[in-house]
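Fit chain B to the supplied structure of chain A, relying on the hints for placement.
Here the protein sequences come in this chain order: A and B. Here the working numbering is used: the first residue of the first sequence is 1, the next is one more, and so on. Here the working numbering is used: the first residue of the second sequence is 1, the next is one more, and so on.
Careful: at least some of the hints might be erroneous.
[Claimed, not checked] Distance windows between CB atoms, simulated:
(1) A:V87 <-> B:G114: 52 to 60 Å
(2) A:V77 <-> B:V175: 38 to 46 Å
(3) B:G269 <-> A:D192: 49 to 57 Å
(4) A:A98 <-> B:A130: 26 to 34 Å
(5) B:D241 <-> A:A98: 27 to 35 Å
(6) A:N202 <-> B:G269: 48 to 56 Å
(7) B:E236 <-> A:A198: 30 to 38 Å
(8) A:R305 <-> B:W113: 36 to 44 Å
(9) A:L169 <-> B:G35: 50 to 58 Å
(10) B:V237 <-> A:R305: 29 to 37 Å
(11) B:V175 <-> A:N126: 55 to 63 Å
[Claimed, not checked] Per the computed footprint, the stretches of chain A lying under chain B, defined by three or more beta-carbons under 8 Å from a beta-carbon of chain B, are:
(12) 97–105
(13) 108–120
(14) 291–297
Hints in this document: simulated from the structure, not taken from any laboratory. Just so we're clear, the structure is a prediction, and the values are computed from it rather than from any experiment. All residues carry an ideal CB built from backbone N, CA and C; glycine is no exception.
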Amino acid sequence: MSPVLAVSFEALRSADFWIGVGVLAGTYAIFTLGLQLNVGFTGIVNFGQAGFMAIGAYAMGILVVRAGWSLWAALPVATAIAMAAGVLIGLPSLRLRADYFAIVTIAFAEIVRYVAQNARGLTGGNQGLLGFDDDWLDVSDTILGWLPASMQDQFLLPLLIVVWIAVALLTGLLALLQRSPWGRVLRAIREDEDAARALGKNVLAYKLQSIALAAALGAIAGYFLALNLSFLSPESFEPQFTFIGFTILILGGLANYVGVALGSLVIWTLLEATRFIDLPLAAEKVAALRFVIVGVALIVLVAFRPQGILGKREEMVLRE
Amino acid sequence: MAGGADTALEPAPREEGPRGAGALLGGLTGAGGRGPLLVTVALVVAAALALTVAYGLHDVAQRGVNGLVSGSYFALGAVGLTLVYGTLRLVNFAHGDLLTFGAYMAFLANVTWGVPVVVATLFAVVVTAALGVLSERVMWRPMRGRGAGLLQLMLMTLGLAFVIRYGIQMVWGTVPRRLDVDVTDSVSFLGLRIGSTELVVVLVGFAVLLAVGAMLRGTSLGRQMRALSDDMALAEVTGIDTDRVIVATWVFAAGLAGLAGVLYTAAIGTMTPNLGFFLLLSLFAAVILGGIGNAFGALAGGLLLGLAQEWSTLLVDPRWKVAVGFAILIVVLIVRPQGLFGRAERTL
Chain A
1 MSPVLAVSFE ALRSADFWIG VGVLAGTYAI FTLGLQLNVG FTGIVNFGQA
51 GFMAIGAYAM GILVVRAGWS LWAALPVATA IAMAAGVLIG LPSLRLRADY
101 FAIVTIAFAE IVRYVAQNAR GLTGGNQGLL GFDDDWLDVS DTILGWLPAS
151 MQDQFLLPLL IVVWIAVALL TGLLALLQRS PWGRVLRAIR EDEDAARALG
201 KNVLAYKLQS IALAAALGAI AGYFLALNLS FLSPESFEPQ FTFIGFTILI
251 LGGLANYVGV ALGSLVIWTL LEATRFIDLP LAAEKVAALR FVIVGVALIV
301 LVAFRPQGIL GKREEMVLRE
Chain B
1 MAGGADTALE PAPREEGPRG AGALLGGLTG AGGRGPLLVT VALVVAAALA
51 LTVAYGLHDV AQRGVNGLVS GSYFALGAVG LTLVYGTLRL VNFAHGDLLT
101 FGAYMAFLAN VTWGVPVVVA TLFAVVVTAA LGVLSERVMW RPMRGRGAGL
151 LQLMLMTLGL AFVIRYGIQM VWGTVPRRLD VDVTDSVSFL GLRIGSTELV
201 VVLVGFAVLL AVGAMLRGTS LGRQMRALSD DMALAEVTGI DTDRVIVATW
251 VFAAGLAGLA GVLYTAAIGT MTPNLGFFLL LSLFAAVILG GIGNAFGALA
301 GGLLLGLAQE WSTLLVDPRW KVAVGFAILI VVLIVRPQGL FGRAERTL
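Next comes chain A alone, as it looks inside the complex (with noise of 0.2 Å):
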């Protein structure tokens, strides 16, 4: 192999690699779950996602750090608010067409990060929110201890532990729930919104709560992703990580939950992955490399496999 396209395998076989990743790909599968559900199962283009899981982020962040707040108790108030937000953004615009929902959705996601960008006050704006991880590090330390002693210098274990446990549960709770009568509304909608609404069902109140479950979501995601930078910052919430949420969505397949996490790991092995490869270029052009990788993606998936790895043909094609 030539110089210039070395590659470093090396980095492949190390924990920290993995450990990285996983951590990235449980939050977005979390973050993706809640595009699932909007996507996939109510036929709602959410583009706003990254606009929640701001909200959820930043919640949190502001009560613990401005107000002194413990997290625990700033975590369930934060996804109320960004649920809040879900239907205060739903209500007016859940009756617009799908594309103009979707400019909708990012718009509100880029006034969000506008906000937090601004409003230096309480967010902290570029310089970015610290100091609301500090009741999570004790948990993290007690998990630590729990561990064998070959493991104690991984720090981030116990985060990837707990993140893939809340995973499995949410992917678990979102399943029951399409299986419910509710579940079952939703796909209706999904089919046929004149349908559902000559069966008598209120398809707007169903759309608020599956955009309302889809911000709680994204907040959920915020916070992994908080804990994880143990920074907030205005960059970590930028349109584009609503698009990978997308490209994770389509590469797991549609109308999928099982398919959103491996879709998240093959995505976030496929970025991370990128760093090691040794071009000689500079770090801002390597990280740009990710997101054509990215892009690339997109385009090849949803043109030539839209159904995804282990989505259903039958079940949802991307068509209208």
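Relative to the frame of chain A, chain B by itself:
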């Protein structure tokens, strides 16, 4: 689409307004009658008067001038976005990145190759137009042939946006780049200051806008483009060569996007790979203000948005002015989704 202007399909235009500025205004009165246009003009005048009373004529006029500068590149970017949407039902999230591409092509020619800025701008317009046509041939036409759905196409435009934006970042990095133009020199008239480059931007922008308006209204190709944007099937049965018009629409949309990118960079002074995405939501706001699919509406929407953003800086801190644009987008979609000049006739 709701916001359709009058089309070539009518036996005779109701009123064939004069060319130039008249063509722009004439186009806006086509669909919804004069009512919405008059209301809009009245609102803008009322806002200007109210702000003048509160903050004095000089501030309002100065920011109005700034608003016309940004309005000119908003309008040029928005008209292509709206035509592509109207013609192909393609919500093109990569449109902003066509602006970025134009700016960097101008940088390549102007700074790397040392070509004069005027020639570099023409080069940027041509290459960006070619990229638009390429995307049509490689991606959008085959996908239409397969009957791709709305979400499928939207996600593909997002993928393309990533490829263009981060492809540029891989080549040129995130360091702000400059064109070889003087952004420090300025001229004054009537006590108002405008950068001399900004003055050129606004003059070029308006000249092209008027030419675009005249072309859309007066030429056969322009009428065919608007006809397709209004109703593709109807346009097809009237014997319009839709394939040719679609390619022309891409040349037009992407070329103007490239020009808007160069003008933006000239006015602001620097370019980064994010500039187009940063502008995209403002372009959507302009498109939706004018009624999505309505080319004249997008031109007017762009100018209105520029004025609204700059005037908003009298009321709130300037760092919020972009968010003001997004808020306008959301409010218009919720209150009047057919746009300022459209009729609420078809379901949204």
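#### Entry: Structure-inconsistent hints, enumerated in ascending order
Number 11 - this is the single hint that the structure violates.
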